[in-house]
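Go ahead and model the full structure; you've got the sequences and the hints to work with.
Protein chains in written order, with the numbering used here: chain A, 1 to 334; chain B, 1001 to 1334; chain C, 2001 to 2334.
Hints listed in this document are in silico derivations from the structure and should not be mistaken for laboratory results.
In this text, a Cβ means the ideal position worked out from N, Cα and C, and glycines have one as well.
A portion of the hints provided could be inaccurate.
Straight-line distance between alpha carbons at most 25 Å, and here's what the computed DSS-like set of lysine-lysine pairs gives [unchecked claim]:
1) A:Lys96 to A:Lys245
2) B:Lys1105 to B:Lys1245
3) A:Lys105 to B:Lys1245
4) A:Lys245 to A:Lys105
5) C:Lys2245 to C:Lys2096
6) B:Lys1105 to C:Lys2105
7) C:Lys2105 to A:Lys105
8) C:Lys2245 to C:Lys2105
9) B:Lys1096 to B:Lys1245
What follows is a set of in silico ranges between Cβ atoms, one per label pair, in the way DEER data are often shown [unchecked claim]:
10) A:Asp209 to C:Phe2056: 45 to 55 Å
11) C:Lys2105 to A:Gly246: 39 to 49 Å
12) A:Ala165 to B:Gly1065: 26 to 36 Å
13) C:Phe2056 to A:Gln279: 54 to 64 Å
14) C:Ala2165 to B:Arg1107: 21 to 31 Å
15) C:Lys2219 to B:Ile1195: 24 to 34 Å
16) C:Ala2010 to A:Thr287: 49 to 59 Å
Residues of chain B clear of chain A, computed beta-carbon distances all greater than 10 Å [what the hints assert, rightly or not]:
17) Phe1012
18) Leu1021
19) Arg1036
20) Phe1199
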Amino acid sequence: MHQAGVNAVAQFLAGIVGLALLAWTVGVGTEVVGARFGPAVTGVLQSTLGNLPELFIVVFALRAGEIVVAQTSILGSLLANALFVLGLAIIAGAWKSPDGLMRFKTRLPNDTTMLLMLVVFIIAIISTSLSLDDAASGNAMTISVIGAVLILGVYGVWIASYLRAGAAEAPAVEERHAPALGFNAGLAVLALAGIAAAFVSDWFVAAIDPAVAKLGISKAFTGLVIVALAGNAVENVVGIQLAWKGRYDLAISVVKNSVSQIAAFLYPALVLISLLFTQRLTFGVPTEGLVLVVALVFTALAIWQITGDGEAAAYEGLALVATYAVLATVVWFE
Amino acid sequence: MHQAGVNAVAQFLAGIVGLALLAWTVGVGTEVVGARFGPAVTGVLQSTLGNLPELFIVVFALRAGEIVVAQTSILGSLLANALFVLGLAIIAGAWKSPDGLMRFKTRLPNDTTMLLMLVVFIIAIISTSLSLDDAASGNAMTISVIGAVLILGVYGVWIASYLRAGAAEAPAVEERHAPALGFNAGLAVLALAGIAAAFVSDWFVAAIDPAVAKLGISKAFTGLVIVALAGNAVENVVGIQLAWKGRYDLAISVVKNSVSQIAAFLYPALVLISLLFTQRLTFGVPTEGLVLVVALVFTALAIWQITGDGEAAAYEGLALVATYAVLATVVWFE
Amino acid sequence: MHQAGVNAVAQFLAGIVGLALLAWTVGVGTEVVGARFGPAVTGVLQSTLGNLPELFIVVFALRAGEIVVAQTSILGSLLANALFVLGLAIIAGAWKSPDGLMRFKTRLPNDTTMLLMLVVFIIAIISTSLSLDDAASGNAMTISVIGAVLILGVYGVWIASYLRAGAAEAPAVEERHAPALGFNAGLAVLALAGIAAAFVSDWFVAAIDPAVAKLGISKAFTGLVIVALAGNAVENVVGIQLAWKGRYDLAISVVKNSVSQIAAFLYPALVLISLLFTQRLTFGVPTEGLVLVVALVFTALAIWQITGDGEAAAYEGLALVATYAVLATVVWFE
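Set out below in structure tokens:
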């Protein structure tokens, strides 16, 4: 047991180094791709790769029948990306901006708010029904499946329109700043690094459980904070790195597409995938987890309020990080 | 019993045909009026006529002492108009727009959001008090009467300012596109069709009860979805028809004025009218109906987020329709 | 006892006269300062002085171990300023505007919304935890202390940036309109009147308790409405006076800075100060006070929706006042 704990901590530290190296590689690959495509296409590509670890983690959890772990992992990723990662990217971007304001196009932030609100509505209404223990609460699975199909439909129509509009955009990174790597090589680097990130995350996450058990950290905190941050380490580093370099639209695209994708693609897709397993995933959060529903509602409002006008100051990024820190503190004590 | 069921289904089908014909007539009348007045005045006129059926249905329900039917009918109309009808109008309008965006003036959508938020606040605070069963919950009627007077005051000041500003607007429909019908004839058509719509709706709604009893559909679903859609069939068709023809401001005016009027005029007026009956209508939703309060809060946020910027894409309309579909699914199982 | 009641009513009336005189004096002082500094600096200065009474009242309540009085007094001030005072200032400003719209810069309203949302999130999440009576609810104090430090950090970064930007602004009051008083004299008047206001408020508030006991008014109504209005009488009068004179940006700055300061400086500072006393103040509202949490959420949304676009009409001010009136009615019956 003692040896296992030590090994877990070693694996944990090795995982952090591995993820950091991969994040740097993905950052380079993203910039190379951004020299050919606009921020929209590059962001979707990058966030799809960045969310692969998440997908694997949740599918493994569902197969093992661990519904609570699966759900808290999805919601944790959502909250970590929308509050912590976005907040840090805004702080970095506003810091480097001459007038202290990070500026970006408003369309993606507003679309992300819309998609997140749709999903949060479905989570809130099913969770309310569950906490009232009414007639509809017995059919949370059926309602979730219908909701999942509807969300995927909205996401499909949105992403088609978003990519179509994005295809006409100027490259996200001006040619003269682009790294020396060729486009195809960059794409290959991105794909390989994305897949490697999935495996490293997975391996890393496996080490978390024994490590936190040794340190006496609660399951809820592990799922909602540690796994969420570890599983999204790559977006985290890439988004902040891009904002720091002044590539504001690309940074926002990477982070916001990640949020939209988790909420409106990954979660509903996993609800449908869970039909193949004996334990099913729904959009309903049990009553003891109502603080998460409150946190989701405020997160949707906060990203709308802060990024909806196309500019953000450092104190707004700080407010997002503070919101996440308070949530993490509450979860720590659960 | 069997014969009655068959008759009810026949009446149901006849009602649908009658409402469709009337909707087409009202659409023609609205365009004729719109060739003289701006979108604001035309929209208020049209939605006042369109809400007549609603008024009759609720007064009849109050007289019969059916408070739950009365309240779910009002809230159902509100949700159906703000989510389903608006969503379909946006899909139709965005579909016909060359660049996929339906554009309209922002003032009415923002004013509608403001009025809806005021009413939803009063509903939420009284409902919270009821579910806590605290001292104030025993005075829900008194608080509702005070709230109703205040809402009517705000609505009165608003509509006066809205119509004054609207009187100066250019006609909603350019002369050369206007139908061959004269203005007075158009106004008469609109008035007659509106009154006929009230009677047909009423007759149609009477047929619903035995029909749904035969089909085994729940009371809640009937009130919140079927009656709400049937009672608003005319706005529904007219709003979508106008959006499809590219008359974006007029379409938004018809749908949004309908939402404002139900929330900030019809509901508070009916609260005051109910003082004449033995059973009183309040703004408080009982605890078992808290999903409706959650749905109202998200509806106010959704129409604000989607229409507040003066443009809407097809996927935003789809998100509103999806929200309504999930709500209808939840209510189906109640 | 009878004599005490009569004295209290006399003290009450004397207090109203004293506060009105002081409000007029502070108004003159604010305009003099506004002839030198921009609206930002003037507003911060004025609202800091205006919130002194609040600070004293709450510290005295904490020392006496009256946690409920302390908390309702802070939340009541917040709601009174954000709904009632802002609403009246908008009505006054829109009334005097030629086109019926009060116009102002959007930055401060949006920053106030952001700060208020952060604080309301922390209040909502801790209150949810308390009403679930879960593991985290036992640590409400620790979570509140961490939250308080984070909020003060965000407020500190914000106010530094706000004052820096405000230092470059043109004077809030054009020279030719400025009163005959010199700048230093104006500053002295403002400081003296502010300190006097603190003492008069305090003396006045002491008279409230016996006066309302005699009149049979509930504790909750006294704390949330009467003390809140009395303790903020100066901002109230000054904000409305400035709006009436067409000094829109200065009026908004005085009222909004007051809201921001109570939410993001006074409340967290008092949470930390309460560590020195035996009874501690937290951000958690007990379950029986959930209507306050609902009211805070809607207040944050209402000021965002109404002032976020930089213009407000009289009916929007009226809606804020109506919201406050309904809340006061609910609290009256608690």
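*Output the numbers, in ascending order, of every earlier hint that fails for this structure.*
The structure conflicts with hints 3, 11, 12, 15, although it agrees with all the remaining ones.
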